[in-house]
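Protein chains in written order, with my numbering: chain A, 2 to 315; chain B, 6 to 289.
Treat the hints with care, since some could be wrong.
[Unchecked claim] Simulated coverage check for chain A against chain B, where a stretch passes if three residues somewhere in it have a Cβ under 8 Å from a Cβ of chain B:
id	segment
1	268–281
2	304–313
[Claimed, not checked] Result set (DSS-like, lysine-lysine): computed pairs, CA atoms no more than 25 Å apart in a straight line:
id	chain 1	residue 1	chain 2	residue 2
3	A	K29	B	K64
4	B	K64	A	K145
5	B	K167	A	K311
6	B	K149	A	K311
FYI, nobody ran anything at the bench for these hints, they're computed from the structure. Predicted model only: the values in this text are computed from it and were never measured. A virtual CB, placed ideally from N, CA and C, is assigned to each residue, including glycine.
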Amino acid sequence: MCGIAGLIHRGKSSNVGSELQGMLQALKHRGEDSTGYALYGDTDGKNFIMRFKVGENVGEGSSSVMEDVSVYDERKKIVDQTLAEMGAKIVKEERTLPYSLRYEIDYDTKDLLDFSQRIESIPGVEILSMGKSLEVIKDLGNAKMVCDRYSLDKVVGTHAIGHARMATESGVDIKSAHPFWGYPFSDVSVVHNGQLTNYWNNRRVLENKGMRFMSECDSELIAVYIAEKMRHGATLEEGMKESLTGLDGVFTYFVATKDSLGMAKDTMAAKPLVLYESDDLVAMGSEEIAIRSVLPQEIDTYDPFDGEVKVWQI
Amino acid sequence: MANLKTVSKKSKAQSMGMHTEVLTGRTQQKFFNPDEAENFYYFGTYDVDFNKRTELDVKDMTAPEANKEIDNLMSQGYGTIVIKNPQGKHSLGVGILNKLNLIFEGSLGYFGMGSCDGPIVRINGRVGWSCAENLMAGKVVIEKNAGSCFGAAIRGGDLICKGSVGARTGIDMKGGTIIIGGDAGAFTGFMMQRGRIIILGDVGINLGDSMYDGTIFVGGEIGSYGSDAVDSELTSNDQDWLKRKLKVAEIGENFDVSKMKKIVAGKKLWNYDNLEPTEKKGAI
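Make the full structure from the sequences, and use the hints.
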């Protein structure tokens with residue numbers, strides 16, 4: 002089933018980590034195999050923030066294979082060495098969990114493709130997100146468990162999207178969890194509720210164009226599909242509108258960039274979405290109770306129609 | 006209640022094109038004989054007094070707890086119940102088989118007022134997916150917007166949304182009336198078998214797709230027609246009925262019904278198995 006939620010504050014910052022946690026926890030009955038957050042925090046915008054993993058969570062329910070922590074240490078060492086070779090300086094380093102790391106990197110580039118390919122050529126290493134504001138945090142368990150594990154409740158920022166996952170098409174692991182980073186674009190993330198039926202056809206075409214897939218989760222296709230459109234000059238909104246015909250199946254998805262948040266709904270409107278919109282806040286989720294967790298008072302909400310695409314700026 | 010046994014086969018409703026097939030074989034008369042109405046009763050229904058009013062705050066209740074409490078209040082004879090702080094909870098007000106005046110001061114989540122028979126309900130907010138699914142009788146009025154699958158498979162009663170509704174409104178409906186004050190999404194009236202849908206605003210793609218019978222009236226633009234949905238003539242009987250219905254529904258009383266479009270089943274898919282392959286192609 003899966004549940005998605007997102008919000009964007011316009012003209013101000015707020016405690017988006019805590020707000021998104023409340024929204025996703027309200028949707029936990031839609032799936033709690035894994036939960037993911039894409040948070041756009043307040044930063045000085047100088048350094049890249051790279052969230053990456055050197056292994057998988059092999060806790061209860063995981064479909065991943067157990068590895069020794071020493072393997073993670075070895076992978077981390079190779080990442081550090083590769084960064085040094087590329088001239089990227091690690092300004093700040095956090096290792097929240099043995100397999101999950103957060104680096105602030107001083108690195109001057111506009112093309113993250115080569116950078117990402119070199120880092121991800123290290124076996125077992127996957128970049129979860131790369132950007133100057135975006136941080137993707139995803140792990141097994143429900144929203145509260147992941148929030149507590151990574152201390153996300155204090156993150157202040159302008160907007161965020163998240164996903165509560167019931168695994169149906171692929172494994173219970175971090176690599177298949179949402180949100181997906183819009184590789185290789187800085188600060189682009191995607192969450193999706195639904196099923197894409199032309200995943201393999203599109204994947205083959207996109208791989209031939211040099212795009213990369215890290216999982217076998219159909220939702221990853223949306224991130225890659227839109228990233229490929231943007232790579233050829235399309236705006237976010239144009240890419241999303243093209244996806245309505247380019248992607249086959251049923252879907253409601255959100256895309257976020259450094260300064261915007263968008264939603265798209267397939268032409269059959271088969272997947273739910275409830276939307277609240279005011280001058281200073283847009284909040285949306287698979288169910289109204291997600292919005293109620295941040296706006297308990299009486300509010301006017303609505304369901305976007307079939308084939309609708311909307312984008313909001315901060 | 007009209008005696009079904011004495012109603013002529015070509016009724017006024019049939020002349021309006023609301024259901025055109027003549028019932029044969031296992032008709033409604035086999036299932037329900039109005040002469041024996043007094044022998045029909047639902048287990049667990051109560052004698053309630055509409056003048057006996059109470060309020061129920063469900064803020065800290067789960068949906069089952071709230072529904073049990075509504076039942077408990079009806080057992081005490083309360084005929085008017087005001088629900089405070091529904092806050093988008095799912096499945097509130099389901100399975101009420103009683104006459105009751107029920108008012109929600111707020112919005113409902115999914116499956117609100119499902120499988121009800123008899124209550125008069127006003128929701129001063131919005132409703133999520135599948136509101137009033139399987140409604141058998143009564144009236145449900147939503148003051149704001151509604152989600153998809155609004156009035157799915159209803160058998161009877163009036164379901165009114167003063168705002169706009171999502172996709173698949175009236176899917177599989179088998180009777181009753183759905184009235185929408187705003188716009189409606191894709192696949193409105195999908196596979197409907199009986200009943201009437203009135204939409205004052207625009208409607209999305211595939212209107213009336215694969216409808217077996219029933220009638221859809223649209224006041225605005227139509228995105229596209231679904232398979233086997235066709236235009237029909239809007240008669241003076243239709244206009245009289247629409248005016249009356251909109252007035253009773255407190256919605257669009259001054260709406261110019263003479264410009265509405267009337268959509269019915271083309272009945273080509275209805276007898277699909279009897280068609281020659283070339284005819285099937287044409288029907289699709």
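Hint-by-hint comparison with the structure:
1. 268–281: As far as the segment 268–281 of chain A goes, the hint holds, because 6 residues have Cβ atoms under 8 Å from chain B.
2. 304–313: Since 4 is at least three, the answer is holds.
3. K29(A) to K64(B): 19 Å, holds
4. K64(B) to K145(A): Holds. K64(B) to K145(A) sits at ~22 Å (cutoff 25 Å).
5. K167(B) to K311(A): 24 Å, holds
6. K149(B) to K311(A): 21 Å, holds
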